[in-house]
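Read top to bottom, the protein sequences are chains A and B. Going by numbering that gives the first Met the number 0, the first residue of the first sequence is number 0, and it counts up by one from there. Going by numbering that gives the first Met the number 0, the first residue of the second sequence is number 0, and it counts up by one from there.
Keep in mind that the hints were calculated from the coordinates and are not lab data. Among the hints, erroneous ones may be present.
Unchecked claim - For each label pair, taking beta carbons as the anchor points, the in silico distance ranges come out as:
| # | chain 1 | residue 1 | chain 2 | residue 2 | range |
| --- | --- | --- | --- | --- | --- |
| 1 | B | 22 | A | 133 | 55 to 65 angstroms |
| 2 | A | 43 | B | 158 | 33 to 43 angstroms |
| 3 | B | 158 | A | 111 | 28 to 38 angstroms |
| 4 | B | 44 | A | 156 | 26 to 36 angstroms |
| 5 | A | 137 | B | 148 | 57 to 67 angstroms |
| 6 | B | 209 | A | 77 | 47 to 57 angstroms |
| 7 | B | 202 | A | 149 | 52 to 62 angstroms |
| 8 | B | 118 | A | 57 | 27 to 37 angstroms |
Stated by the list, open to error - According to the in silico footprint, chain A covers these stretches of chain B (three or more CB under 8 angstroms from chain A):
| # | region |
| --- | --- |
| 9 | 26-32 |
| 10 | 41-51 |
| 11 | 84-92 |
| 12 | 101-115 |
| 13 | 142-152 |
| 14 | 190-200 |
| 15 | 206-215 |
Here the structure is a predicted model, which is why all the values come from computation and not from measurement. All C-beta atoms in this analysis are idealised placements derived from N, C-alpha and C, irrespective of residue type, glycine included.
There are 2 protein chains.
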Amino acid sequence: MTSRPGGTERTRGRRLADRAVTETAALHAVLDAGLVAHVGVVDDGQPFVLPMGYARMGDDLVLHGSTGSRLMRCLAAGAPTCVTVTLLDGMVLARSAFESSMNYRTAMVLGVARRLDGDEELAALRALSDHLLPGRWDDIRPPSAKERAATMTVALPLAECSVKIRTGGPDDDPADLVDPMYARTWAGEVPLEASFGTPVPEPASAASPVPRYVSQWGRA
Amino acid sequence: MTSRPGGTERTRGRRLADRAVTETAALHAVLDAGLVAHVGVVDDGQPFVLPMGYARMGDDLVLHGSTGSRLMRCLAAGAPTCVTVTLLDGMVLARSAFESSMNYRTAMVLGVARRLDGDEELAALRALSDHLLPGRWDDIRPPSAKERAATMTVALPLAECSVKIRTGGPDDDPADLVDPMYARTWAGEVPLEASFGTPVPEPASAASPVPRYVSQWGRA
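Based on the provided sequences and hints, a complete structural model is requested.
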C-alpha cells in the first residue's frame with residue numbers, strides 16, 4: 000500500500016508516485032522521529048481520532064493507555080485501526096495559492112492490534128519510555144503490579160503501511176515564473192523546527208542537576 | 000462533549016475533569032495555534048486518518064484537497080468525520096514510568112462536513128492561506144477557474160467538540176517522593192518548542208529579500 004486513500008493535506012495535483020516511498024527504512028525513520036501518533040477507531044460508524052504517545056518495537060507499533068479508556072478497549076478487542084504519524088517540516092511558498100504547500104513526512108499503519116501481557120507488555124512499556132524519554136528508564140520506578148493492572152498495552156504490526164514525504168521548494172506554474180505581477184514574488188521554503196527547551200524542574204528537583212540524557216535530547 | 004472517548008495518550012489514571020476544557024475560547028485557541036489536523040473517515044468499516052492543513056473560519060473548520068482525493072470525496076459526500084488537532088508542548092518526567100506523561104493541547108471535532116462553492120469556497124481558500132501562510136495572500140496569484148475546478152473545499156461546523164489540555168510538572172506518587180531510591184531522581188518538564196527556521200529561497204528568489212510577513216512568523 001503506497002498512497003491510499005490520497006488527499007494528504009495540500010496535495011492538490013501533487014498526488015504523485017515520487018511522494019510514495021515504500022521502503023521499510025523510510026517507514027521506520029518516520030516512526031522513530033515522531034512522538035505522537037493519531038489513532039483512529041470506528042464506533043457505530045463514527046470515526047474517532049485521538050493523539051497518543053507511541054513507540055516502534057521491531058516490526059510492531061506499540062500503544063498504551065488506561066484499561067478504562069474506550070479507545071484502548073476498542074483496540075484490544077480487535078477493532079480495525081489506522082495509526083498515523085506526521086512530522087511537519089516546513090511551509091512551501093509558491094507564487095500561486097494553488098501551488099502553495101507544506102513539506103512533511105507521514106506514515107500510516109492500518110490493521111488490527113493485539114493486546115500484550117507479561118514480559119511482552121513490560122518490553123513494550125520500556126520501548127515507550129525509551130522512545131519518548133530516551134535514557135530515562137534506569138532512573139525511574141518501573142510499573143508496579145497495581146499500575147500494570149491499570150494499564151492496557153497493544154501492538155499493531157507494521158504490515159499494511161504507507162509513507163509519504165514532501166521535500167524541497169515550490170513547483171510553480173511556469174506561467175507564474177514569467178508573469179509581470181508574480182515573477183518577482185519571493186518563493187521558497189520556510190523550515191519548521193522543533194527542539195527541546197530549557198528543562199523546568201519541579202520544586203524538589205530545583206537544586207538537582209538536569210540528567211545528562213535530557214540535555215542530549217535534540218530530537219523532536 | 001468533553002472527554003469522549005477518553006484514552007488520549009499517556010492519560011492512565013489522569014482522565015480527570017480538569018483536563019476537559021469546554022469553553023469555545025479554548026477550542027478556538029487550539030485550532031488557531033495548530034497547522035495540521037488529522038482527519039478520520041471510515042471506508043467499509045476501516046478507519047483512515049490523514050494529515051491535512053486546515054483553518055478555522057468563524058464557527059467552521061475548513062479543509063481542502065484535490066477533487067481526485069478519496070478523502071475529500073468522502074467528506075463532501077457527508078461521511079461522518081473526526082478532525083483532531085494536537086500540539087505537543089513538552090515531556091513530563093516523573094519518578095515513575097506510570098506517572099511519566101506529556102503536556103499537550105488537543106481539540107477534536109466530530110460531525111459531517113458540507114462542500115463549499117462560489118464565494119464561500121473562495122473565502123475558505125483565503126482563510127486557509129491566511130492561517131497557514133499569514134500575510135501571503137496579497138503576494139500570490141489567486142486560484143484560477145481551472146485550479147478551482149480541481150479543488151474541493153469543505154466546512155465542518157464546530158458543534159460537537161472537545162478540548163483537552165495538560166500543563167505543568169509531574170504528579171508523582173507520594174511514596175516515590177520519599178523513596179530512598181527515587182526521591183532524588185530529577186523530575187520536571189522538558190518543554191518542546193517549534194519555530195520557523197531561516198527561509199530557503201528557490202533559485203530565482205535568491206537575490207530577493209524575504210517578505211516581512213515571513214520574518215514575523217513566530218507561531219508554530
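Check the structure against each numbered hint from earlier and tell me which ones fail, lowest number first.
Numbers 1, 2, 4, 8, 9, in rising order.
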